[in-house]
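Chains A and B are the protein sequences, given in the same order. Residues 1 to 250, numbered by our numbering, are exactly what the first sequence covers, in order. Residues 1001 to 1588, numbered by our numbering, are exactly what the second sequence covers, in order.
Hints were generated in silico from the structure; no laboratory data involved. As the structure is a prediction and not an experimental result, all values here were calculated from the model. Hints are not guaranteed to be accurate.
Think about it this way: if two alpha-carbon atoms lie no more than 30 angstroms apart in a straight line, the pair counts; the simulated DSSO-like pairs of lysine-lysine are [as the list claims (entries may be wrong)]:
no., chain 1, residue 1, chain 2, residue 2
1, B, K1239, A, K122
2, B, K1126, A, K125
3, B, K1015, B, K1337
4, B, K1126, A, K122
5, B, K1337, B, K1161
6, B, K1015, B, K1456
7, B, K1239, A, K125
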Amino acid sequence: MSTFLWGVLPYLTLATLIGGTIWRYRYDKFGWTTRSSQLYESRLLRIGSPLFHFGILVVLIGHIGGLVVPESWTEALGVSEGLYHFNALLFGGIAGVCTLVGILILVYRRRTTGPVFMATTKNDKLMYVVLVAAIVLGLWTTLVSVGAGSEAHNYRETVSPWFRSIFLFRPDVDAMAAAPLQFHVHAIVGMLLFALWPFSRLVHAFTAPLHYLFRPYIVYRSRDRDASGSRPARSGWSAVGTTDRDRSSR
Amino acid sequence: MRVMAQMGMVMNLDKCIGCHTCSVTCKQAWTNRAGTEYVWFNNVETRPGQGYPRRHEDQTTWKGGWELGKRGNLKLKAGGRVSKLFGIFASPVQPQLSDYYEPWTYDYQTLIEAPLGDDFPVARPKSLITGENTKITWSANWDDNLGGTSELGHLDPIVEKIRRESEDVVKFELERTFMFYLPRICEHCLNPSCMASCPSGAIYKRAEDGIVLVDQDRCRGWRQCITGCPYKKIYFNHKSGKAEKCTFCYPRVEVGLPTVCSETCVGRLRYIGLFLYDADRVTEAAATPDEGDLYEAQLGLMLDPDDPAVIAQARADGIPDDWMDAARRSPVYALAKRYRVALPLHPEYRTMPMVWYVPPLSPIVDVLAGQGHDAEDRATLFGAIEALRIPVEYLAELFTAGRTDIITDVLRKLAAMRSYMRGVTLGRDGDASIPESVGMTEEAVYEMYRLMAIAKYDDRYVIPTAHVERAHELEELGCSLDFDEGPGMYESGPFGEASGRPAPVAVETFNALKQRQTSEAAPAGSDLRGRVNLLNWDGNGVPSGMFPPGTARVSAASGAALGADEAEGEAPQPPQTRAEAKQSREDS
Ligand code: HEM
Ligand code: SF4
Ligand code: SF4
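Here chain A stands alone, though its shape is the one from the complex (with noise of 0.2 angstroms):
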């Protein structure tokens, strides 16, 4: 069982990952988007919205660097561990309250604005659950350890190695299988959530528009000189867009 919740579902999740993204990417770009609905409702997401994103923001490079930092890096600048797990449920912990916060605003909203919810797919409802899931459990794992004080399970020396172990194809099955049982939970979630994603509106984070701070403002575009006529209508895998994507824009 071990083995194949930590030696093999990471490998199927990182498969539907990356190569559900790519396909996504090349079949599906009309329908990569956040699908805003702020036309609809604004009130409501101008607080909730922004409270979740940051807070998820911030989550994210939390994880980051309590996964990918080996413990022995932080140690040898100086950080015990104890500040560590003090910061790390800190901040995690606020970010995590605002992260909830704003997607239980979010939730509600799109359960009681009836446009919202019209728009609201199957998809979505999936995503939200297993979304939430994923907070719920996350923030689960830092409750436990802030009641256990100092007795609380570092999972530095257990989930982090068995992450980093799974991009060096060595996965180390034991040092997870060693967790208590929240965080195996959140782990599967997590993973569950992960192998969603490309399927989900939430491939818009993928597409984060950080270029905008480097890009021309104006955008002039022409097609390629040697480009034949009318293009053939696409089958499902063939790549979408036009040859000048990354050339002509000045």
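Given chain A, put chain B with the ligands in place with the hints provided.
Positioned in the frame of chain A, the structure of chain B with the ligands alone reads:
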């Protein structure tokens, strides 16, 4: 100097009768789909009035367009790049559906299906957004013909401004007010703030003809462009989650046909042609310190296609000779620069808009005629232009950032043309002093009269076709608004409503239109999939599906053609050839 070509439009407001034909045909061609019910690429506003969306000209609220920074540099009114990214999770200012209106339909079914009873069945209005019963409180032209203006007219941002900045008060009593129509499309700006606001860089200007389009494959629904456009001519498709805008009917324009709004305009008041402009000086012109000088700065960008230096540079910049020829014959260049009677809408937004307007003389003529004066007499007209300050101030707020002297000049030219041509029509010799008094020659006035009053089809539209080799460049850069699954069928996409495969517009349009243009007959409509397709219709033949099958049989019997049985593969007979169609258009 870098010479670029820009497809431009001029609308002669005196001729607009406010019939909304342009809006309806545009909608039929482009936004007749789920998600775009409230979208009017072309809308016609009655002014004074709040416009669509409501009060969109109030940029202190909506933050559209550009403003000058402390160092005189151009910056987006809604904030710089960093602050835009921080505000991306929920736009700080974005019009809500309530600023447009909640689109609706009527429940006609009950009219037919209601059981027999004492009461008449009523077709209740149903919201197209929620499907629930709704109460209609506003629409895209609620204040049409000054409807309700005595109550709400003060909400027009320009009326507000005039009231604030001069002692004049715009009156709304029937006898004392004035009125004209303002049809609006996207301005296809030279310095578009919609484009500058788009975080993904999905909005682009076509290098060949300056048409501004949204790449539907690249738009990610960050919806910043909606705030960015001061004219609020970018709309959010709430089904697909992408921004959409007026396309200048590029599939038609590429083969030399005018846009649908122009083709169907009842008043025949729209002109389409080329401008040549100096792309290197656009930013500099848009950053002109004094708002009042923006009109002149914009005009200064427009290059003279007869100037040898311009011709040489245009050739170097790859503009084909027949495009140069079209630029020389361009009606929009003539009206904007040669005669200087067409003005840009709201130059103070600093986007360098490329749809220009000949301001209406009618508010003045109407008053004169109403008071029993001779509204074609030069002295009376000139006197009235000086005396009727409110309409002039209002027009100045619209077209010249408040410069009444420019408006007065244009109106005097129009008045001069009017009274000069009256003399000629009455068989007198032209009175040369009239054109002189507005700084024009008799020939110029006559030419202007030919263009503005006679306004032949071929003079109104001088549209060079895209070159075959350039056609490939132009066609289908990924803006298709028309999709495989068909309008309103987004649901079938696997990942939410919008997903699916777009079918290129060009397959349907470019080839079909080309064939139509050269073949003198309406082609079989089989490729139109049974829909009425006004985008492809040039008045030649009857598009399939325009009339229900019943009428088809009748008209087929009477010799006219309609593709009622096209499904069986029978090509419809055109009632008249293209040449005849054109002839009858000319005659009428
Ligand atoms: C930095 C990258 C991101 C940006 C720029 C971004 C931006 C946006 C925008 C503009 C919306 C549309 C809001 C609206 O107008 O309705 C949205 C919605 C949403 N985003 Fe993000 N997002 C990002 C990352 C994420 C991440 C990492 C997640 C989740 C893990 C996420 C989850 C969501 C959800 C669930 C919604 C739907 C909100 C609702 O309408 O109920 N986003 N995002
Ligand atoms: S008018 Fe058109 S081109 Fe100009 S800013 Fe608005 S949408 Fe963009
Ligand atoms: S069709 Fe022509 S006359 Fe009628 S409203 Fe439109 S612009 Fe005016």
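Distance restraint between B:K1015 and B:K1337, which requires alpha-carbon spacing of 30 angstroms or less: Between B:K1015 and B:K1337 the Cα gap is close to 20 angstroms, so the pair holds against 30 angstroms.
Are B:K1126 and A:K125 close enough, with their CA atoms no more than 30 angstroms apart? holds, 26 angstroms
30 angstroms Cα cutoff - pair B:K1239, A:K122: Measuring from Cα to Cα gives roughly 15 angstroms; hence the hint holds.
Satisfaction of hint between B:K1456 and B:K1015, Cα-Cα up to 30 angstroms: holds, 14 angstroms
Is B:K1239 close enough to A:K125, meaning Cα to Cα at most 30 angstroms? holds, 17 angstroms
B:K1126 and A:K122 were given as a pair; does the straight-line alpha-carbon distance stay at or below 30 angstroms? holds, 24 angstroms
What's the verdict on B:K1337 and B:K1161, does the C-alpha distance respect the 30 angstroms limit or exceed it? With Cα atoms ~29 angstroms apart, B:K1337 and B:K1161 stay inside 30 angstroms; holds.
Checked against the numbered hints given earlier, this structure breaks none of them.
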